[in-house]
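Visitor: Below are the chains, spelled out letter by letter.
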Amino acid sequence: GQNIDQPTEMTATEGAIVQINCTYQTSGFNGLFWYQQHAGEAPTFLSYNVLDGLEEKGRFSSFLSRSKGYSYLLLKELQMKDSASYLCAVRDEGDDKIIFGKGTRLHILP
Amino acid sequence: KAGVTQTPRYLIKTRGQQVTLSCSPISGHRSVSWYQQTPGQGLQFLFEYFSETQRNKGNFPGRFSGRQFSNSRSEMNVSTLELGDSALYLCASSQQETQYFGPGTRLLVL
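Protein chains in written order, with our numbering: chain A, 12 to 121; chain B, 88 to 197.
To be clear, the hints were calculated from the coordinates, so they are not data collected in a lab.
Small disclaimer: the values here were computed from a predicted structure and weren't measured.
Worth double-checking, as some hints may not be accurate.
A partial selection of chain B residues facing chain A, derived with a Cβ cut-off under 10 Å [to be verified]:
no., residue
1, Ala89
2, Thr94
3, Ser138
4, Glu139
5, Gln141
6, Gly145
7, Ser152
8, Glu184
9, Tyr187
10, Gly191
11, Leu195
By construction, the Cβ of each residue, glycine as well, lies at the ideal position given by its N, Cα and C atoms.
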């Protein structure tokens, strides 16, 4: 079957670093995405990993280990505007569908 | 470039009615996907269209249907609405791997 797991909620402090984990089980793999979604808004693209390793983009980095079915999103120098839900999604190579996790709601405290 | 647009933004219907939602992708994008988002289930894939052909379909009943026109604009239709169809319906267009989401149509079924 297809399954993507990520924590439901996390809390972190402004200026700190937070790591949001995502594990997946799919019949095939053809890329992993991270999206940010503010309340009441549409998801916006953050990162795409298809090979193992770390992809850095400003304050955000995303890591992928295909052998472990594992990814994380690392957010540095947290700002209040980073309070949002973070969605992990995997493109299943078998049926080419993109499967989303239920999202991690991140709360930033001042 | 203009982003993905969806109309209408909000809709209230009663059980048994039908509804048609519209999506205009980013200019040049030929792939359009539809998702249903609810608090309990997260983002769930409905279907994907590419060059007027349905390329993929999620696990939704036949009451949910869609189509894509030659200008890549897409519509989705839900017939015989049920209370459980109340959700945010998101459309995303893509050119390669990355999907860009529209603001969504929030449907309330009474």
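Visitor: Taking the hints in turn, state whether each one holds.
Guide: Against the structure, the hints:
no.: 1; hint: Ala89; result: violated, 14 Å
no.: 2; hint: Thr94; result: violated, 14 Å
no.: 3; hint: Ser138; result: violated, 15 Å
no.: 4; hint: Glu139; result: violated, 18 Å
no.: 5; hint: Gln141; result: violated, 12 Å
no.: 6; hint: Gly145; result: holds, 7 Å
no.: 7; hint: Ser152; result: violated, 18 Å
no.: 8; hint: Glu184; result: holds, 6 Å
no.: 9; hint: Tyr187; result: holds, 7 Å
no.: 10; hint: Gly191; result: holds, 6 Å
no.: 11; hint: Leu195; result: violated, 14 Å
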